[in-house]
Amino acid sequence: MRWSRRATPGEPLVDQLKAALADDRVQAGEGAKQLFSRDASVIVGGRVGVVCFPETTAEVQACVCAARRHGRAFVARGAGTGLAGGAVPCDDPVVIVTTRMNRILEVDVDARVAWVEPGVVNLDLTRHLAGTGLHFAPDPSSQQSCTIGGNIANNSGGPHCLAYGVTTEHVLALEVVLPSGEVTVLGGLEPDAVGYDLRGAFVGGEGTLGIATRIALRLTDNPPAIRTMLVDFAEVADAGALVSAIIGAGIVPAAIEMMDRRCIEAVEAYVHAGYPTDAAAVLIVELDGLPGGVAHETAIVEELAAENNARTVRVAQDDAERTLIWKGRKTAFGAIARIKPNYYLHDTVIPRTKLVEVLESVYEIVDRYDLIVVNVFHAGDGNLHPLLVFDQREPGVLERVHRAGAEIVETSMAAGGALSGEHGIGLEKLKFMHLMFSPDDLDAQARLRAVFDPELVANPAKVLPSGASCGDIQGLAKMPDGAWV
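In the numbering used here, the protein residues as written are 8 to 492.
Don't read these hints as lab results, they were simulated from the structure. All values derive from a computational prediction rather than experimental measurement. Worth double-checking, as some hints may not be accurate.
As the list claims (entries may be wrong) - Cut-off 27 Å, straight-line C-alpha distance, at most; resulting in silico cross-link-like pairs (DSSO-like, lysine-lysine):
#1 40 / 25
#2 347 / 334
#3 334 / 438
Said to hold, decoys possible - Computed spacing ranges between beta-carbons, pair by pair:
#4 31 / 138: 32 to 38 Å
#5 52 / 299: 22 to 28 Å
#6 200 / 297: 28 to 34 Å
#7 307 / 281: 22 to 28 Å
#8 139 / 410: 33 to 39 Å
#9 139 / 316: 38 to 44 Å
#10 443 / 399: 52 to 58 Å
#11 232 / 344: 32 to 38 Å
#12 299 / 138: 46 to 52 Å
#13 410 / 324: 45 to 51 Å
#14 297 / 324: 26 to 32 Å
#15 443 / 321: 36 to 42 Å
#16 401 / 302: 48 to 54 Å
#17 398 / 38: 22 to 28 Å
Ideal placement from N, C-alpha and C gives every residue a C-beta, glycine not left out.
Taking the hints into account, I'd like the entire structure generated from these sequences.
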């Protein structure tokens, strides 16, 4: 089936969508098309057909069915905070925005389960749970604005995924509108479900398998004791060595985050958290659990820090100081604007033992392309987030940024790494999939996708290269450097 290209306000598709939703929740004007043509990534040039704002499962179903009836693809979109182009629409699809589906439907404290809609903001859920002794563990740095639906699409993590795992470990069941327009439930609340783990297949599918409309989340007990440390170093290599030493000692902290000098300087000027601006690197190490165990592990980390040439170890004395230390990490991306107005944030995963080696390569690559890099990342699980900082008004800079970014990805893969830790593949990393997966691997993934979406109408042109798909994917995006992905 071929998908037509253009939607105009007077055509039957728009009329049917307005009849199903309401006039003010269907937009086909140029303003809406421009606004929803991109996400938070640097990828531009998306093309929108019509934008819809459903508020119920039945309305999502109506949007999907209308798109199918008129030969259109569809793209689900949450808050648009994605950084890999996953919500950038290709070939004028129906864009289904889920941000109005933002209700927390039910919280069962005894069962530790919350049913939510996909538009619930990540941090709002944890705030809603205050006083229950529970929280939602995945905590991406964008948690003040990103939605649960987006977290599910990209299998997001965050600083505390080292101990608690990424989103898939915290999703029990999903009500889903399939690309056919059917509504089904994947997974369940029972602990030992039989059959295929279709829930697990859906989480991380980047919207290519359907649209989640209700989600059952596993909630996590608040730890009885938390200890947060800020450790600083004169050498980046020593910070990397401490990360390996902590894990090697059998300690799995709740989080180990790392920032380099440029990041420290920007963050400290922004939040005044007491970060040492003369340090080459700092680690935030957070331990949690029973009080006795936390105290014992804190002593071990302090000893290991001394052995690995740490200059100082600052232990937060109360919740206010702990919050301030974390505020520096959580607002790092905003603080970067003090250096340059734009950034390209990458997301690869490398073995912890290669941390320093790859960081040195990143610095060399960036210097060669006459760019600035700021490093802030999840050191505990090797999830790198180098930010290439630039001013897009500078002629030719985007080409240099993309070429440097490509070399960083290739360097990470050569070190035995993975393409993405939590941002997803989207459009950004399509051209690198062959570095990680064989043709047979890609074919198997395409076959799984085809089970859910045989006509490739759900978020087409994403995740899988067109040569590995079970059909022709239309509307591939052109990158700013002129390369097609």
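Could you tell me which of the numbered hints above are not met by this structure, giving the numbers in increasing order?
-> 3, 5, 8, 10, 12, 14
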